[in-house]
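For the record, the sequence lines run as chains L and H.
Residue 1357 is where the first sequence starts when you use the working numbering, and the numbers rise one by one after that.
Residue 414 is where the second sequence starts when you use the working numbering, and the numbers rise one by one after that.
Rather than coming from a laboratory, the hints here were simulated on the basis of the structure.
It cannot be assumed that every hint is accurate.
To be verified - Simulated pairs of lysine to any residue, SDA-like, Cα-Cα distance not exceeding 20 Å:
hint : chain 1 : residue 1 : chain 2 : residue 2
1    : H       : K675      : L       : D1631
2    : H       : K675      : L       : V1641
3    : H       : K560      : L       : S1642
4    : H       : K691      : L       : P1632
5    : H       : K620      : L       : E1635
6    : H       : K675      : L       : K1509
7    : H       : K564      : L       : S1557
8    : H       : K667      : L       : K1509
9    : H       : K502      : H       : P476
10   : H       : K564      : L       : S1642
11   : H       : K691      : L       : D1631
12   : L       : K1394     : L       : R1634
13   : H       : K620      : L       : L1639
14   : H       : K508      : H       : G491
15   : H       : K450      : H       : R594
16   : H       : K508      : H       : C593
17   : H       : K667      : L       : P1632
18   : H       : K564      : L       : K1509
19   : H       : K620      : L       : A1560
20   : H       : K691      : L       : N1518
21   : H       : K564      : H       : H542
22   : H       : K620      : L       : I1627
23   : H       : K564      : H       : R553
24   : H       : K508      : H       : R483
25   : H       : K450      : L       : V1641
26   : H       : K620      : L       : D1631
27   : L       : K1509     : L       : R1519
28   : H       : K675      : L       : S1552
29   : H       : K560      : H       : L525
30   : H       : K564      : L       : R1640
31   : L       : K1509     : L       : I1457
32   : H       : K675      : H       : D701
33   : H       : K508      : H       : I541
34   : H       : K675      : L       : L1644
Computed from a predicted model, the values in this text were never measured in an experiment.
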Amino acid sequence: MSEDHNQPSDAFLRVRNLSKHFETRIGKGWRKQIEIFKALDNISFDVRPGETLGIVGESGSGKTTAARCILRAIQPTHGQVIFTNRGRSVDLASISDRELIPLRQEMQMIFQDPFSSLNPRMTVAEIVAEPLLIHRIGSRRERNERVAEMLEKVGLQPEHMNRYPHAFSGGQRQRIGIARALIMRPALVVADEAVSALDVSVQARVLDLLQQLQSELKLTYIFVSHDLSIIRQICNRVAVMHHGQIMEMGDAEEVFTNPRHAYTRVLLSAIPYPDPDREFQPLRVSDLTPEQLEPLPDIAQ
Amino acid sequence: MNDIVLNVENLRVSFRTMLGGRMDAVRGVSFTLRRGKTLALVGESGSGKSVTSYSILRLIQKPGEITGGRILFTPASGQPVDIVSLPAKSESLFKIRGGKISMIFQEPMTALSPVHTIGNQLCEAIRIHRDCSKHDAEERAQEMLVKVGIKDPSKRLKQYPFEFSGGMRQRVVIAMALVCRPEILIADEPTTALDVTVQAQILRLIKDLKSEMNTAVLFITHDLGVVAQVADDVAVMKQGRIVESAPVRDLFRKPYHPYTRKLLAATPHARRDPQIQKLLAEQPVIHDLPVGWLVDEPKAGSDLDPLVHRFEDTREVLLWPASADATR
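Could you build the full structure based on these sequences and the hints that come with them?
This is the structure in structure tokens:
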């Protein structure tokens, strides 16, 4: 592409031709062959400032790989991830590790498992303050103040600061994870199955919290999930992924009520409805032809 | 066929805490399982639904123990037996586990050994419960794999669990659970960890096999969508007690208990479905409510016992006394 990615653009994030290949070697000795698994296969999309973009797909669809490539938690095989923030654009996929460090303050991740994403040997205060420490932000007193402020924003109490993760429920731990992700006031937050491990009633409250914080702190979210119902609740737009490609993308409500791609229709038909009188006739992916599994040509970006 | 194969009466299970106290996980739970019918046990984490189901197969270990109640199992042939009263290592208990009452879990790897082939494990399940040769067991294993929808069974039998996807492992575990044609299948969140399309297939599979073998199914889940699709009857659990139970259609048309209504309101569908919203907007009234009893939660610290109130023939709801002089 001939774009000068040092020019500010109006899209907050532009993903272009992003791919991630994993190589496996099969066979032994001199007969070794390399087999390439394309976890991400040439995906492109834009993320608009302030929106919540959903990436939905089943296991193996590439959605988590996409989230990790965007944040440079893993190195893409090729493609660009052009991030425009604070008046300048940067291709996250091609900058060096050193250049990436300060940028990490501007993009953060909320993880799925409330049990393994928090260090069990650190107190809540230490966990939430850690990003500030790593980036050497503020004095000790300033850090404590910010931690207290953040904990309050996510609905926790000051007395929770000196306790350890094991003392908290799953929902509370997710709140701690959210506090940690937001303490540096990032512009972009990627939530990877952030509520999937929680009970249904707790999910609803955590999603409400995320929406509230979004408007308060002017955040842009990329919300990755396999659960279409969750995605539908909080996303403005959604990308449906399958086998490393985006099958369909568009306004969330549109995609859910008028799915254009056969694969989206299969996914939607498989959701069981809380009404025993309603016909449950799930379609099957295995019934789709290879042509039907091609991405839509005019994917809205 | 409506005959009762399991009758759980006032089951109580407690765990001793390290500080010498006790935590009551199950506080007087009663329900029945009928042949060919599915009872869904619904609740969130901590409700006691899993502990209840593990108790049926006496899988509760120290510091947990069954502290009260009976679990009456009425097999198709043979004498009825109270599972609670069986000695821990008795022959009868071994015969029941996996043979007459089987269980599948959320994570298939809890039941699968990573270092043995699928064939090895399936055959073991078969030969523990019946006398047959290795060859016959393998044939039966292959038939079972076909039945649960796994193609190429002879090849698959020689493979290890890591060579199977999550959905396929769950199918294998179902095959293992059903190969001895148990009279009861306990399924503890079997599809929670699976993709939605795989879940749909597994639910269909369980339904088909249940009809074919006339098995009674106890299905534990937190997902009301799944409940609507699999259950004939539903029991909603909260904090160790069943707060409401009803046939599935009745429960969804008229949920009485506030907790059931809260679970329904928390489903993603509730926010956008006008029918569900209408349902939740009107609190139905129980007409023959005994005087002085409430459906609402008791005040914290109250040690008055609740009561199970039966109404409309098939429905039950848990009531709490408004004061110590409520009529019983």
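Verification of the hints:
1. H:K675 x L:D1631: holds (16 Å)
2. H:K675 x L:V1641: Violated - the C-alpha atoms of V1641 of chain L and K675 of chain H are around 34 Å apart, more than 20 Å.
3. H:K560 x L:S1642: holds (18 Å)
4. H:K691 x L:P1632: holds (17 Å)
5. H:K620 x L:E1635: holds (15 Å)
6. H:K675 x L:K1509: Violated, at about 25 Å.
7. H:K564 x L:S1557: violated (39 Å)
8. H:K667 x L:K1509: Between K667 of chain H and K1509 of chain L the Cα gap is close to 38 Å, so the pair fails against 20 Å, i.e. violated.
9. H:K502 x H:P476: Status holds; Cα separation ~18 Å.
10. H:K564 x L:S1642: With a Cα-Cα distance of about 13 Å, the restraint between K564 of chain H and S1642 of chain L holds, given a limit of 20 Å.
11. H:K691 x L:D1631: holds (14 Å)
12. L:K1394 x L:R1634: violated (38 Å)
13. H:K620 x L:L1639: Given that 20 Å is the threshold and the Cα spacing comes to 17 Å, the pair holds.
14. H:K508 x H:G491: Holds: K508 of chain H and G491 of chain H sit about 12 Å apart, inside 20 Å.
15. H:K450 x H:R594: holds (15 Å)
16. H:K508 x H:C593: holds (11 Å)
17. H:K667 x L:P1632: Measuring from Cα to Cα gives roughly 13 Å; hence the hint holds.
18. H:K564 x L:K1509: Distance ~53 Å between K564 of chain H and K1509 of chain L Cα, so the pair is violated.
19. H:K620 x L:A1560: violated (30 Å)
20. H:K691 x L:N1518: Outside the cut-off at roughly 45 Å; violated.
21. H:K564 x H:H542: With Cα atoms ~26 Å apart, K564 of chain H and H542 of chain H exceed 20 Å; violated.
22. H:K620 x L:I1627: Holds, at about 17 Å.
23. H:K564 x H:R553: holds (15 Å)
24. H:K508 x H:R483: holds (19 Å)
25. H:K450 x L:V1641: Roughly 30 Å between the alpha carbons, so the hint for K450 of chain H and V1641 of chain L is violated.
26. H:K620 x L:D1631: The hint holds at about 17 Å.
27. L:K1509 x L:R1519: With Cα atoms ~18 Å apart, K1509 of chain L and R1519 of chain L stay inside 20 Å; holds.
28. H:K675 x L:S1552: holds (19 Å)
29. H:K560 x H:L525: This hinted pair holds, its Cα atoms lying about 19 Å apart.
30. H:K564 x L:R1640: With Cα atoms ~16 Å apart, K564 of chain H and R1640 of chain L stay inside 20 Å; holds.
31. L:K1509 x L:I1457: violated (26 Å)
32. H:K675 x H:D701: violated (23 Å)
33. H:K508 x H:I541: Holds. K508 of chain H to I541 of chain H sits at ~9 Å (cutoff 20 Å).
34. H:K675 x L:L1644: violated (38 Å)
Checked against the numbered hints listed earlier, the structure breaks hints 2, 6, 7, 8, 12, 18, 19, 20, 21, 25, 31, 32 and 34; every other hint is satisfied.
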